[in-house]
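*Asks:* Spelled out, the chains give:
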Amino acid sequence: MLTIIFYVAITAEAMTAALAAGRRNMDWFGVCVLASVTALGGGTTRDLFLDHYPLYWVANPYILVLVCSAALLTIAIARFVDRLRWPFLLLDGLGLVVFTIIGCDVAMEIGAHPIIVLVSGMVTGIVGGILRDVLCNDIPLVFRGELYATVSLVTGAVYFFGLAAGLQGDLVILVAMAVGFPLRVLALLRRWQMPKFVYDKELR
Amino acid sequence: MLTIIFYVAITAEAMTAALAAGRRNMDWFGVCVLASVTALGGGTTRDLFLDHYPLYWVANPYILVLVCSAALLTIAIARFVDRLRWPFLLLDGLGLVVFTIIGCDVAMEIGAHPIIVLVSGMVTGIVGGILRDVLCNDIPLVFRGELYATVSLVTGAVYFFGLAAGLQGDLVILVAMAVGFPLRVLALLRRWQMPKFVYDKELR
Amino acid sequence: MLTIIFYVAITAEAMTAALAAGRRNMDWFGVCVLASVTALGGGTTRDLFLDHYPLYWVANPYILVLVCSAALLTIAIARFVDRLRWPFLLLDGLGLVVFTIIGCDVAMEIGAHPIIVLVSGMVTGIVGGILRDVLCNDIPLVFRGELYATVSLVTGAVYFFGLAAGLQGDLVILVAMAVGFPLRVLALLRRWQMPKFVYDKELR
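If you're matching them up, the sequences are chains U, L and V in order. In terms of our numbering, the first sequence is numbered consecutively and its last residue is 204. In terms of our numbering, the second sequence is numbered consecutively and its last residue is 1204. In terms of our numbering, the third sequence is numbered consecutively and its last residue is 2204.
If we strip away everything but chain U, and leave its shape as in the complex, we get:
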């Protein structure tokens, strides 16, 4: 089931990235690159950091085909998707939770320290969006108040400590999703924000 949600989430990430590319009038190639970087950048960065080769999209290149197809399809159906904000936000939230769990798993497989397990989950969940914003020449959205990284951290913590407590794997996945996903939805509904650090002086 995790695998199915993973592909659905990758597709959703690719489609929202394609819309971001369209807002900057990128060409079709740019749309595909931005979709790939957004959907696959988190897992790729994690694999580079952990020396975890081959990269998952090198091992299974049809993921690239899926991402680019989803991006190009978005161009074709763009006029119909502008009322789909909530479905996309929900799929994106589901993706955040699933990417986090997968990222924690990869780090646990290689016996990493618990801190690295949580960091690996967060990198997998959020770096794609950071790279998208850098390529679009924006300050990353995730640094500006969205309760997004926190959801990843909480999900990873529930997953890690659930497994550490000896609970059964599939059960822990369900519990982590049942905590992380509603948290993200609540953050969206209630417009929860991370506190900001506002500093407007130069050092003297």
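In case anyone wonders, no lab produced these hints; they're calculated from the structure. Quick caveat, the model's predicted, so the values are computed rather than measured. It is possible that part of the hints are untrue.
[Claimed, not checked] Label-pair distances were calculated between CB atoms; the ranges are: (1) 1002(L) with 2113(V): 20 to 30 angstroms; (2) 1053(L) with 60(U): 14 to 24 angstroms; (3) 1089(L) with 2167(V): 42 to 52 angstroms; (4) 90(U) with 1008(L): 44 to 54 angstroms; (5) 1077(L) with 2083(V): 43 to 53 angstroms; (6) 185(U) with 2141(V): 38 to 48 angstroms; (7) 1141(L) with 2110(V): 32 to 42 angstroms.
In this text, a Cβ means the ideal position worked out from N, Cα and C, and glycines have one as well.
Please arrange chains L and V on chain U, whose structure you already have, making use of the hints.
*Replies:* Frame of chain U, contents of chains L and V only:
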């Protein structure tokens, strides 16, 4: 011959990157870094993705000396180069084709899937320019209509399928170059553009 | 002693990065990420380039805890730090020198070419600041005249040639620091600048 064109192309990439640095009033060090990132960034990214160590400029560091010398020479002769747009564009187009072929080669050596072979060629050919634009704080040029990535894809496809068809290696290189390079020149002359995806709504 | 200065420097880098994040009104999470990228990005890039695994912060994740604690502490005490420009600049200069020496060391351990040893020192010393500026959507400061990379290059050269001349290791470290650190301080006091390359024509 591929090796000679490779060095010529790296030099040309370094020089055009140096001019881009000059347009942003970077200092001499920034000129060298931007030249190195532009000329070597594609191959480096490919090697990181494919776990192909040592990186080629770590194995042969005189490439770095060549790139930085070309960049600094550009500063000295800048007043003479402003009529050289076409020579630079032609060398850049030649470089795109050669980088692509080399990138495909590296992926084939490690037995990668055909999709990854083509992606490896494209990454080698175009990521340097993307990194240059990110460091210059621009949205990458290659995402905004230039028929550049397509040339890389076509060149890689000719090369891969030529070899897969059992043709002799040097012949296939020549054919791939004879297809890719004129395609790039035609794209420049006729101002061929990738179609753009223009989307100006926010999701609701 | 190098280790102690290393931790002090990492803490100082994290704190100045946190202030940069505050100037852009980032949230607490963005503050931590920007601090981590700035403090650890140079060494991480070096390790990726040299295939030097595990990354040092994966092997010793308490470095991440230190960096994030320093960043969050900076938020709490921000109102008191705005007169600390010079202490921060001095710690940052010390860090530049120490990061450079450590970067050279890593490259020498794996028997890299002298050019790569110097590049490894420079990457370790300056890439963190470049990544910080890219994430903050600026053209990197180090490309715009600051005598910063040059200090790293000189420090690395003294260190490498001192060791190559057969001098005792701890002595060479002291000499390299005694050359590099005052050079950085002098550059700050005298406002020494790298010459800039100003080029305002488009190629024709």
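*Asks:* Could you run down the list of hints and mark each one as holding or not?
*Replies:* Hint check:
no. : hint                                     : in the structure
1   : 1002(L) with 2113(V): 20 to 30 angstroms : holds, 24 angstroms
2   : 1053(L) with 60(U): 14 to 24 angstroms   : holds, 22 angstroms
3   : 1089(L) with 2167(V): 42 to 52 angstroms : holds, 51 angstroms
4   : 90(U) with 1008(L): 44 to 54 angstroms   : holds, 52 angstroms
5   : 1077(L) with 2083(V): 43 to 53 angstroms : holds, 47 angstroms
6   : 185(U) with 2141(V): 38 to 48 angstroms  : holds, 40 angstroms
7   : 1141(L) with 2110(V): 32 to 42 angstroms : holds, 36 angstroms
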